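Student: Fit chain B to the supplied structure of chain A, relying on the hints for placement.
So the sequences go chain by chain: A and B. Using our numbering, read the first sequence as starting at 1 and increasing by one per residue. Using our numbering, read the second sequence as starting at 362 and increasing by one per residue.
Any given hint could be a false lead.
[Claimed, not checked] Partial list, derived from the structure: chain A residues whose beta carbon lies under 7 Å from chain B: (1) 53; (2) 73; (3) 74; (4) 79; (5) 80; (6) 82; (7) 86; (8) 90; (9) 99; (10) 100; (11) 103.
No lab work stands behind these hints: they were computed from the structure. Values in this document were obtained by computation on a predicted structure and should not be read as measured data. Idealized CB from N, CA, C, for every residue including glycine.
Given next are the chains, with one letter for each unit.
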Amino acid sequence: MGELIRLESIVKSYDGNIVLDGINLSVSENEFVTLLGPSGCGKTTTLRLIGGFEKPDEGRIFFDGKEINNVPANQRPVNTVFQNYALFPHMNVGENIAFGLRIKNKTDQYIKDKIEYVLKLVNLKGFETRSIHQLSGGQQQRIAMARAIVNEPRVLLLDEPLGALDLKLRQEMEYELVRLKKELGITFIYVTHDQEEALTMSDKVVVMNEGRIQQEGTPEQIYNEPENAFVADFIGDSNILPGKMIRDYLVMINGIEFPCIDGSEQGFKPRQKVDVVIRPEDIEIKPYGKGLFNGTIISKLFIGMHYEMLVESEDGKIEWLLQNYDQHEVGEKIGMYVKPENIQIMHKPRSEDEEALELDI
Amino acid sequence: MIYKRRYASPFIIWIIAGTVIPLASIAYYGFTDRTGSFTFANILAMFQPDHFQALGLSLLLSIISTLICLVLAFPMAMILKDSKFGKQGFMIFVIILPMWMNFLLRTMAWQVLLERQGVINSIITSIGLPRQELMNTPGAIVLGMVYDFLPFMILPIYNTVSKIDKHIIEAAYDLGATKRQTFTDVIIPMTVPGIVSGITMVFIPALTTFVISNMLGGGKVNLIGNIIEQEFTVNSNWYLGSGLSLVMMVFIIISMLLLQKFDKTGGENLI
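Chain A extracted, bound-state conformation:
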């Protein structure tokens, strides 16, 4: 898979507010890349830069090895599925889909066949003459997809396309999108604030916050090995705790020593302060005194598949979030254990002073 799109140190600001602060990103051919982050993190702006609706203040955008900074949106081989679908209300379904093809002066027969083909692809066969106003949200969504992919773009940009749909429909559409992607064999760049969507569909997830890329990797990497507290906090539920390295493969959290699998090879020196992430489902419940540490259950919630519990440490300083299939009662004293490979150690975000100090050396 060759590189298709590359962003090089992109900076973008609106009215003096920096929205993107040095974005470097590479997207391979046929990849499903998701830009994930809270609102205002710059993910949509990044997508709009690739689509050609915005120009970067600094930095360069490459498509297939050629710089496209000054190529306008209507000449880029990409198509966009907009958040609110942006269908043309004065045209019916068929005319909406045909818009891009008519601009390119395709023959009527070609257009007719293509409309039929994409409508079949999005499971809306026979909708050609329907009015846009007769369609449900989910159907409009599919037509917006059809209108974009009928032009055979090399990259499809999707800006929170499932945001306005209800949960059930959203989950259905997630499968649909993955299927479409496979059938079309093109690159998808997908923007969302929904971590579940990102983890379910993507080949690569790019977590963004405050105009910077926090981490990029496969969904598994992002989930299991978050690089910093922001990523760990944003992706799934987690316990993020301050800790200190004792020596290689041993970290101390709240006075208790935990065997782990990180050490100097990963750049953690003894006595270094770190952040530790432990996923709630990775904390195993043992009989009291039989685990690594003990605590008292202070609350319990049943959430469908499992129970979610808050457990207070014995010194009362820390609350652990646990998820477990077995039911335990509030007030019960339990022991807890975490496998070394489930303890994720992260560097503390460095303060500017420390950074300056290191530069001096």
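Tutor: Chain B only, in chain A's frame:
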């Protein structure tokens, strides 16, 4: 539901007193002669040469004015839409401002400007050009119509243009359309309702005006509005005046219907 109807009663009284009774009396006068017997003569009088000519001139001038308003208003509405929020409010204020002044005064102001000894002529002569006859020409009337009715074209168009989601315009670019194609294939069709109501609000008052033609035409240019007015005032011939008014009303209803039809199907046909 009954109390809702009760609230409507003042409006119903208003409609009866202000619309139904006057219309009925115009219809009565229109179809009778001085002796009170039924006749079509007042209606057919529209086809007398001087009346017909006046109608033709009215149609011509009001169509020209409407087109000029449309051509001026569209870019104006687009500029308004694209300008920043605070500036937008100010510009709309500037457009509406003249409407706060009395219509007659505004038209009178043009008299001062266009007169033989008026402001424009003194500028023209001061740079050594011959004095122009500006007043009492069809051109002066068109100018007055455009000046008086332009805001009524800008506002409805601006209203519909500003409601177009910017993502829809971006979607058109995204699908490969040039700026021009986006304008003709997306923006204009989506603005049809605004254009239609703008045309209605300019064309109809322009077609029936007699004040503008009186003041800027000086009685030398006769429009159908002037003829009807004169029948009511100078000639005291309410019968003929009503007959001609009825024909005008039919004219206006037909043009409204045509415009409405265009509004509904226009979007699809334009593509």
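Student: Quick one: which hint numbers does this structure break? Sort them smallest to largest.
Tutor: none
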